[in-house]
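Chains A and B are the protein sequences, given in the same order. Heads up, the first sequence is in our numbering, so the first residue is 1 and it goes up one at a time. Heads up, the second sequence is in our numbering, so the first residue is 1 and it goes up one at a time.
Treat the hints loosely; a few may be bogus.
It does not matter which identical chain is used: a pair holds within one copy or between any two.
[To be verified] Here are the simulated lysine to any residue pairs, SDA-like style, with alpha carbons at most 20 Å apart:
id, residue 1, residue 2
1, LYS13, GLY62
2, LYS11, LYS40
3, LYS11, HIS113
4, LYS13, SER137
5, LYS13, ARG152
6, LYS40, GLN144
Derived from the structure by calculation, the hints contain no laboratory data. From a predicted model like this one, the values you see are computed outputs, not experimental measurements.
There are 2 protein chains.
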Amino acid sequence: MSNSARFPAPKSKSESEEGTVFAPQFDAEGLLPVVATSAKTGEVLMLAYMNEEALARTIETGEAHYWSRSRGRLWRKGEESGNSQRVVELRTDCDQDAIWLKVETAGAEAACHTGRRSCFYRMIPVGAASAGGMSLSFVEAERQFDPEAAYRHADAAKGTLKSSE
Amino acid sequence: MSNSARFPAPKSKSESEEGTVFAPQFDAEGLLPVVATSAKTGEVLMLAYMNEEALARTIETGEAHYWSRSRGRLWRKGEESGNSQRVVELRTDCDQDAIWLKVETAGAEAACHTGRRSCFYRMIPVGAASAGGMSLSFVEAERQFDPEAAYRHADAAKGTLKSSE
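Take these sequences, add in the hints, and give me the full structure.
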């Protein structure tokens, strides 16, 4: 997938690291990993991906757009759940192959499709603590909304409610 | 690349999202994206990748290990620069295909090979501000160490100093 349409082609290492030209490096699938953090609390909310179009729309509109790898389509965050993300700041990294968004979430303060504030709601013990095994512990895992109700409502609104529901 | 050796095979969607078994989903190249944030300030320091071995070593030792895609090898963060990362907390996300590390950095408070605290030292204007163009602005971009000196020292110590240096 070419990124020549909307963004300049990636530059040399020194231009990429020390320059002011935004020339993002998409991977072989045309994607970039994106970290979204809460502008309010700083916590990491989610890790997702953008293709060229998602990145361009995010920049133009100030609303986070991602590429859904599982659904194979562009996706405006919150289009179904209502929990859209207004981008307060967008940064790129040294080699311009990753994006950091600081966002304000509309609606329920929830970035995760499971209804939780952050997708990172489980912890793995490390170091000496890992000797006891690698069982996951839930942390800050309260649901801010009921995912079944939220997505069923969205499906119904679009007329794509499955007959079994 | 199989991840059956050190971690269980990925589970069903519901077990992956709501279970306590850590069964990370590596991508087709056997890698997982990893966000490292400062345990002190909360800022995003870097986005890197782990393979199965890097993840296992990070968990066992409590020191961040990554897979360098450019060098094609396992890498203990700080092995050259001295800026190692002690893992204060390790989390995984809903579908267990990403990792969040909260770290304390040893030595200079710098995660970036350019000498900066964070790799995300440039901002791109969004929304209405983007109409003026997509030029990058430097933010919090002070160098905490001189990368040339740091890596030259490391090369010299290993006896791999290039004759031109």
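Do the hints match the structure? See the list:
{"no.": "1", "hint": "LYS13 with GLY62", "verdict": "neither (28 Å within a copy, 32 Å between copies)"}
{"no.": "2", "hint": "LYS11 with LYS40", "verdict": "neither (34 Å within a copy, 34 Å between copies)"}
{"no.": "3", "hint": "LYS11 with HIS113", "verdict": "between (36 Å within a copy, 18 Å between copies)"}
{"no.": "4", "hint": "LYS13 with SER137", "verdict": "between (41 Å within a copy, 18 Å between copies)"}
{"no.": "5", "hint": "LYS13 with ARG152", "verdict": "between (47 Å within a copy, 18 Å between copies)"}
{"no.": "6", "hint": "LYS40 with GLN144", "verdict": "within (16 Å within a copy, 27 Å between copies)"}
The structure does not agree with the numbered hints 1 and 2 stated previously, though it agrees with the rest.
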